[in-house]
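Chemist: Let chain S serve as the given structure and place chain U on it in line with the hints.
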Amino acid sequence: MQIISFPNEEVGKGDYLTVEDFKTGKSLIVQVVDIQYANIPGIFEELLRNYNGDSSLQGEDIDPFEVATHVAYIQDARLLVCKIRATNINGDMVFTSSWLPSRSRAVIRKLPIERLFASAKNGNGYMIDLGETNEKKQFQVDVRALDGGLNIITGKKGTGKSHVSKLLTLSLVTHGAPVVVLDINGEYTGLGRTADGKPNDLHEKIHILTPKQNFKLNLGEFKIRVMLNILVNALHLPGTSAREFGRIWRFLDQNNALNMRELGEAIKNWKCNQHVRDALFSRYYTLLNSGLFTDEPSKVASFEDSIHKARVGGAIVINLRDTSTVDRHVLVEYVLGKLVDLLTAKKLRAIFLFAEEAHLYLRETYWDDIVTRMRHYGMFTTFVTNQPETIRENIYRQADNLFLFNFTNDHDLETVSRASKVDADTVKSVARDLPPHHCLVLGKIVNDFPIVTKVRKLDVQTMGHTRLFFSEIHPLSNHLASM
Amino acid sequence: MNAQYPITTTPKYNFPLPEENLQLPLDFIEVSMRSLKHMKPVKLTQENPTSFHQIPKKQTTLNPTTVLAKLKADPTKIPIVAMDVSSIRLGETEKGILIALRGAIVWKQDTQYRYLRLGPFPFHITNKTQLEISSLFRKHRQTIRIQKHTIPNIFYLQTRLTTLLERWIQSSVNHTTRRSLILWDGSLTAGTPETPTRDMAQLLEEARIRKNTILAFSKMTRLLFNGRRLTNLLSDHEPPCIMRIEDNTLYEGPMHLMGNIYVAKLTRGSLAFRMDVDKQVPHLHVVESVQKLLGNDVVLQSYPETLRLAHIFSTFTAIEVLGIQRCLFKEKNLKILAKPNVRRILFGPFGKGLEG
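As you go down the protein sequences, you meet chains S and U in turn.
Reading the first sequence from the start, the letters are residues 3 to 485 in the working numbering.
Reading the second sequence from the start, the letters are residues 125 to 480 in the working numbering.
Note that these hints are calculated values from the structure, not bench results.
Any given hint could turn out to be false.
As a list, the in silico DSS-like pairs of lysine-lysine whose alpha-carbon atoms are at most 30 Å apart [claimed, not checked]:
no.: 1; chain 1: U; residue 1: Lys194; chain 2: U; residue 2: Lys343
no.: 2; chain 1: U; residue 1: Lys456; chain 2: S; residue 2: Lys112
no.: 3; chain 1: S; residue 1: Lys459; chain 2: S; residue 2: Lys311
no.: 4; chain 1: S; residue 1: Lys25; chain 2: U; residue 2: Lys456
no.: 5; chain 1: U; residue 1: Lys454; chain 2: S; residue 2: Lys25
no.: 6; chain 1: S; residue 1: Lys270; chain 2: S; residue 2: Lys214
The calculated label-pair distances, taken between Cβ atoms and stated as ranges, are [stated by the list, open to error]:
no.: 7; chain 1: U; residue 1: Lys201; chain 2: S; residue 2: Arg105; range: 55 to 61 Å
no.: 8; chain 1: S; residue 1: Gln60; chain 2: U; residue 2: His409; range: 27 to 33 Å
no.: 9; chain 1: S; residue 1: Gln4; chain 2: U; residue 2: Thr200; range: 55 to 61 Å
no.: 10; chain 1: S; residue 1: Gln4; chain 2: U; residue 2: Glu154; range: 41 to 47 Å
no.: 11; chain 1: S; residue 1: Ser106; chain 2: U; residue 2: Val466; range: 19 to 25 Å
no.: 12; chain 1: S; residue 1: Tyr53; chain 2: U; residue 2: Phe474; range: 38 to 44 Å
no.: 13; chain 1: S; residue 1: Pro437; chain 2: U; residue 2: Phe471; range: 52 to 58 Å
no.: 14; chain 1: U; residue 1: Lys219; chain 2: S; residue 2: Pro437; range: 50 to 56 Å
no.: 15; chain 1: U; residue 1: His409; chain 2: S; residue 2: Ala74; range: 43 to 49 Å
Beta carbons: idealized from backbone N, C-alpha and C, even for Gly.
The shape of chain S in the complex, shown without the other chains (with noise of 0.2 Å):
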């Protein structure tokens, strides 16, 4: 649908309209998605003869009716292109669009978000501050919108993407929820602490486990499976080598005898084939000197045990900064089975898993997995990327929200695109003008009402600062400028 629109009137992309035509009793929300010159007859004409940017032209106009002020007013007329979102028929909500209101009788009005969520019966439960709207009015979204679902939240570097993904998660952790963040930078180690580093509200309810410092591993939490999945896919055993490691940790878990330092005599003392037997040495080895693994749990933190304090609200950030590949790939391989583990026994109701740049130390085969089978455990991920084809398209296609911040790049915006919640013409347009720290919300979270809202600020120590060469002024520069 394309509506006229004069410069007197406010409206911006992703702006709701109300088209109302109050003989039928209904009346069309439609969002705009792009904003053009209106193509008006002559307008090519009367801008070649108004270009003032010839110095060899000029003159005066005596015009008695100022009826300059009417043309210019033409002139900058646009033209809204919309999307027509849902039908409203006498109060009640239909997302359908078989029916279009008079082109004369129809009343144009714009649609404020809050009226729009009113309107489409939007509860009132555990409603969280997002942003603000357009219009400056306070967003809020119920966070139960992420329960049970895929979220994906991307846009260009600097956009503004892990901060919404902070507000989720401290949002989430102040409703109660467990939140386990895969902080590949290290951004979310501040979530417990006000931005001039002072404890926060919630600093009790966030722990930050750091590898190697209190964040260590032992056999004994193992299950075979998991250590398994470790060998295999992170530190690529072969097939052979993985079932006679299996008989190793079988042998030591019956003698209770699962720590490191078993495992290399067993390894050392095993009848088995001699490559089978370097191979296991190999990734034992790896392991050992990760510095990942101990022997002594008692002098670290147990991941199961955060896990436990943080059931009834609370955020793991597993800090994955300055960690090798093999390490990160181990680590998670470990997080990420050890819940599956605790979802399974339903020690743990459910759990929302967010996940900077997977692709960095996701395997293959856990994408699907986690979109399928870990989800129907209890396992509600949210991506956050700001390189949107290392998602699978079927993700895409699967994810129940979508916070989308600025794309300028085409494949980018293609990429995005193929998010059922929405039509690839919005995401193109909306999203290639937003500004930062600005995004498109999509799914269920705003009823399938796309909305672009400014998020908020948080009062978090902001960890996500990129180390600059020039951040501070080298005393050698100093001494050059004085030369």
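Modeler: Frame of chain S; chain U shown alone:
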């Protein structure tokens, strides 16, 4: 005998301030406003732009002889001023017609063009308001004695008002310039109700007194010479050149030619134009003037740029028509409705040509 050197002041064009000498536009505005004042909210019937009224003209055959003059651009500085007036019919109301007028003056100063646009002036011409418009004529045209029974049809008042504004602008420019080339759009034909002979004679005389030379370019002419269209006479001649058509007194009826008719082919290309110059201006002076025009103005397709700009600035674009209509809608609650196209209704897709 000592000859006196022909010392003259450097030609300089001092264009008047817009406030000066604006008696007629103020009247225009007043009459225009009054014409709209009594207007009740009406529905304006918008016309198909192709259906604008055209007054048919008879083709006139001349029996002249010709004088050809080859030209060479003369860079001697001379101010060049051009003017043009446009009118457009915005539509019909139940009581009359709504029109808008606008005039433009363009002049060349050194290498720069300057312009002054007057208008648009919207008029609602009805049986009531035409009396006021007629009194406007009487006030400014002492030569015209419009009797009640000779009051023009409201549909012809558009042409009358347009000419009135054009003549005023021409007169204003005449009064404020000296030793300049003044370019008009159209011919020096007089004797019509809009342009009485005395008015035209007065304008030409003022020009002569102030040493101005008026060159009137017609974009279209219906005059024939030996069965050939006048503008085709120079198709075999190398430009720039002009051809004077002598013995051009064969206009019938009240129409009177106040100027000599020339055909001007000033540049290469397919176009040549009829150019009228005051009969009392010697041929040699015309040649010199056109040579100065060539030396001082940009001439493309045999048409001077100054005059081209005047035309461009006076004409109404589609968006301006919308702007005027919006202005009238805001001020007078005027609503636009498309006039039913009788041809289209009767003949469907075969209903071409002017709206019936």
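Chemist: Take the hints in turn and mark each one as holding or not.
Modeler: For each hint, the structure was consulted:
no.	hint	in the structure
1	U/Lys194 with U/Lys343	21 Å, holds
2	U/Lys456 with S/Lys112	28 Å, holds
3	S/Lys459 with S/Lys311	28 Å, holds
4	S/Lys25 with U/Lys456	28 Å, holds
5	U/Lys454 with S/Lys25	26 Å, holds
6	S/Lys270 with S/Lys214	26 Å, holds
7	U/Lys201 with S/Arg105: 55 to 61 Å	59 Å, holds
8	S/Gln60 with U/His409: 27 to 33 Å	32 Å, holds
9	S/Gln4 with U/Thr200: 55 to 61 Å	58 Å, holds
10	S/Gln4 with U/Glu154: 41 to 47 Å	42 Å, holds
11	S/Ser106 with U/Val466: 19 to 25 Å	23 Å, holds
12	S/Tyr53 with U/Phe474: 38 to 44 Å	42 Å, holds
13	S/Pro437 with U/Phe471: 52 to 58 Å	56 Å, holds
14	U/Lys219 with S/Pro437: 50 to 56 Å	54 Å, holds
15	U/His409 with S/Ala74: 43 to 49 Å	45 Å, holds
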